[in-house]
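Numbering that gives the first Met the number 0 numbers the first residue of the sequence shown as 0 and each following residue consecutively.
Source of the hints: derived by calculation from the structure; they are not laboratory data. Honestly, I wouldn't trust all of these hints.
To be verified - With a Cα cut of at most 25 angstroms, we get these calculated DSS-like pairs of lysine-lysine: (1) Lys-615 - Lys-662; (2) Lys-775 - Lys-673; (3) Lys-308 - Lys-249; (4) Lys-350 - Lys-673; (5) Lys-420 - Lys-457; (6) Lys-82 - Lys-96; (7) Lys-811 - Lys-826; (8) Lys-422 - Lys-528; (9) Lys-616 - Lys-249.
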Amino acid sequence: MVVAVERLITSDILKPARYLGNELLAVHKDWDTTAIRWVLTYPEVYEVGASNLGHIILYNILNAQPRQLCDRAYLPGKDLAAKLRETNTPLFAVESKRSLREFDILGFSLSYELGATNILEMLDLAGIPLTWRERQGSSTSATLSDRGAEGQGNRESTDTQSYFPLIFAGGQTATSNPEPYADFFDFIALGDGEELLPEISLVLEEGKQAGLSREQLLLDLAQIPGVYVPRFYDMAENGSVHPLRPDVPKRILRRVATPIPAYSIGLVPYVETVHDRLTIEIRRGCTRGCRFCQPGMLTRPARDVEPDKVVEAIEQGMRATGYNEFSLLSLSCSDYLSLPAVGMEIKNRLKNENISLTLPSQRVDRFDENIANILGGTRQGGLTFAPEAGTQRMRDIVNKGLTNEELLRGVKTAWEQGWDKIKLYFMIGLPGETDADVVGIAETVSWLQRECRGKGRKPLNFNLTISNFTPKPHTPFQWHSVSTAEFKRKQNLLRQEFRRIKAVKVNFTDVRISAMEDFVGRGDRNLSKVVRLAWELGAGMDSWYENLDRAFSAWGSAIAQADLDWKYRQVENGEWNLFHIEAQKSKEAEENISLSTPHSLDIPLPWDHIDTGIDKKWLQEDLQRALEAAIVPDCSFEGCSHCGVCGTDFGHNVVIQSPVIPKFAGEFVPNTTKAQRLRVWFGKQGNMALMSHLDLIRLFDRIVRRSGLPIAFTGGFHPMPRISLATALALGATSSGEIADFELTVPVEVDTFFRKLAREMPTDIPIYNVEQIDLKASAATQLLESAEYLITVATLAETTPIQWQTWIDTIKAKEELWYEQTTKSGKSQLINLRDRLFELELVETHNSIAESMSSVIRYLGSYRQDGLLLRPEQILFMLETVAGVEFQLLHIHRNRLILGV
């Protein structure tokens, strides 16, 4: 059953194009001919979820499987969520517009400790019970093959024969410690999903054909390495987890897959996303061994992607998507030895297309001129390094593998290559940290500024993010925590130090949320009730700054109601702390770091049954090495660290030596030649009416890139393609008369231009006509004189067609209709609307579904860029003035724009 979204996704919704599901490269499969129907749901707003690389890769892989359909869903904005609840409409998948309950399986990405509240919000909006026990109770007699329509249009249906989809989670947080969320999911997918999800789909298809019950199906899934089914396990009094039956594994293996760059190409959203670019993974895994870093521990071994495959994927992806920017992704891009060669090769191949490259946070010790060269260009992006600690001693304790000399060399290289602002990440509360180490952060920044000074150059600016150390499962520092009071004290200490340093912006992480993340992230199954209570009390979107106060209040109340506030106080007071520093009172006082805690390193942990490949004993030994500030070399480039990962289950490090770095072919030089100007008349119909004007401008840029048309560029520091839309169209309005001007560097046949442009356009943006105009002619935006509209207007008053015609005639007979408007400067101004109205005509009248009379009116009015224009809303004002009744504007359609000579 398809949800009637046209009544929900309207122009009054914030960014309605989020929910259209008709993006470029979206895959639309036939519902009736597929065996298993997936929904990959990202529990964040569309702009975050649609640009997540893992989301895109798994979506493409599942849709590449025969007899498998994969749709998508995202956390709706507050406005749409309210509409769904008001209308009792279930949350839907964006492509098929079907209720999430109709699918066989729903997969959620869980990559943040407090992110599960968003998942509960989505399940509730979909009308799906929140826990596996509730879903099991409602599906006892149903099988996966029973896909009845009961309740699909009613969120509150409680039909006990209905079969709810299987609900699972994957992602870093789900893999590291799934226990706080165990009540909500039928199973957890651990590790990489590229091979795991297709294996799951085969088991589901076979189970559906065999008519297996939910319990039988989950038992089959539990036999797949990487699938953890919480219902088949129980928690002991000490928090450890053990199987309830002999036919499931005692420890569940994390899955490891080889990255395939080709699957990264897909989903080009119409709205601007947080990562509005093509992203290609170049290396998965990190073996640097930073002792606080969970991703580095959970993604071993390191696997390089073949350089030629990276280059091929980028070139193919840029042509297919039309993006003007791409990013190379890895936990440590600089450890991909082929980075300079790959970056330079792509930069040379696409040098005439104004393409830029961005990289995530990099290893400062590997930043050199080769990397600087591939990042430079007409749109030089920001630069981010993560020293993590302010002193050499602390960087050794965390095994950062970075010296002061390497830090200075990297920062100075960036400054010499033209960067005036650099972002640095630091962390406080690390094990063994003293006040001298905290102050060392400010001293390091000041030292870097002093060393990077030059005549004619502005002082080097730093944007600092100082986060609070949060212990993570499966890391050597998982046995350590710091009190909230200590975090606050250290933040205040740094604030005092940075008051004396100019050209530095400092951002601190909220200490309250850090404690919550620690409490949930290292929790056991008892925390499932806390997660649910927090959601019921209003938690959600907790990673967003504007929601922090509400999130903290909701989580705090939930912990108290669950009678777990005593346990939270332990985290808040830093009682799980393995480091204790005692200053000797003698003159030759030395710091003596020793273990001093009632907690043993050998006590069972809630995540011990998750086999990540890293031996727990090795983590304990590495913790001891931290006590001694001993460095463990990177095993990708030096000797094995014996962490336990490498072997048949997880594979080995794959390090590919760099090919020769190509010779730099030169920066992009914008071709400003104007050899031809073409004027295009186009429409904006159907769903595309919900695309904003700025999104439409971005769309034209990408379409021209995909079509290979020789567009001219502006000059200056930020060259832009010479595409000029005559004017904007109101969000939600349709049109059959929009105009855009294109300037080309070489002449192109009009028919050829028409064909190439139309081929890349969405179907709801038709091209009507293309004409060549004189290069010296004024732009369309300067020639606008008038515009013709068809507007649909309704009133609840009882009316007849004769009355409508009388009102139209009365307006036409008047010479003055005064209207008060507010200028941009805030002043009131009276204008005569009748002077701006050239033609007015009643086209048709009819009764609407809501038993109101509506009419279609055509008008031709002034539309000049100097402000002399007649808006559709002002036609309503004229009608209300002469009729004395209230009208509602139902729809706007712009017939044509009329240009002057």
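Comparing the hints with the structure gives:
no.: 1; hint: Lys-615 - Lys-662; verdict: violated (47 angstroms)
no.: 2; hint: Lys-775 - Lys-673; verdict: holds (10 angstroms)
no.: 3; hint: Lys-308 - Lys-249; verdict: violated (39 angstroms)
no.: 4; hint: Lys-350 - Lys-673; verdict: holds (19 angstroms)
no.: 5; hint: Lys-420 - Lys-457; verdict: holds (10 angstroms)
no.: 6; hint: Lys-82 - Lys-96; verdict: holds (15 angstroms)
no.: 7; hint: Lys-811 - Lys-826; verdict: violated (29 angstroms)
no.: 8; hint: Lys-422 - Lys-528; verdict: violated (39 angstroms)
no.: 9; hint: Lys-616 - Lys-249; verdict: holds (18 angstroms)
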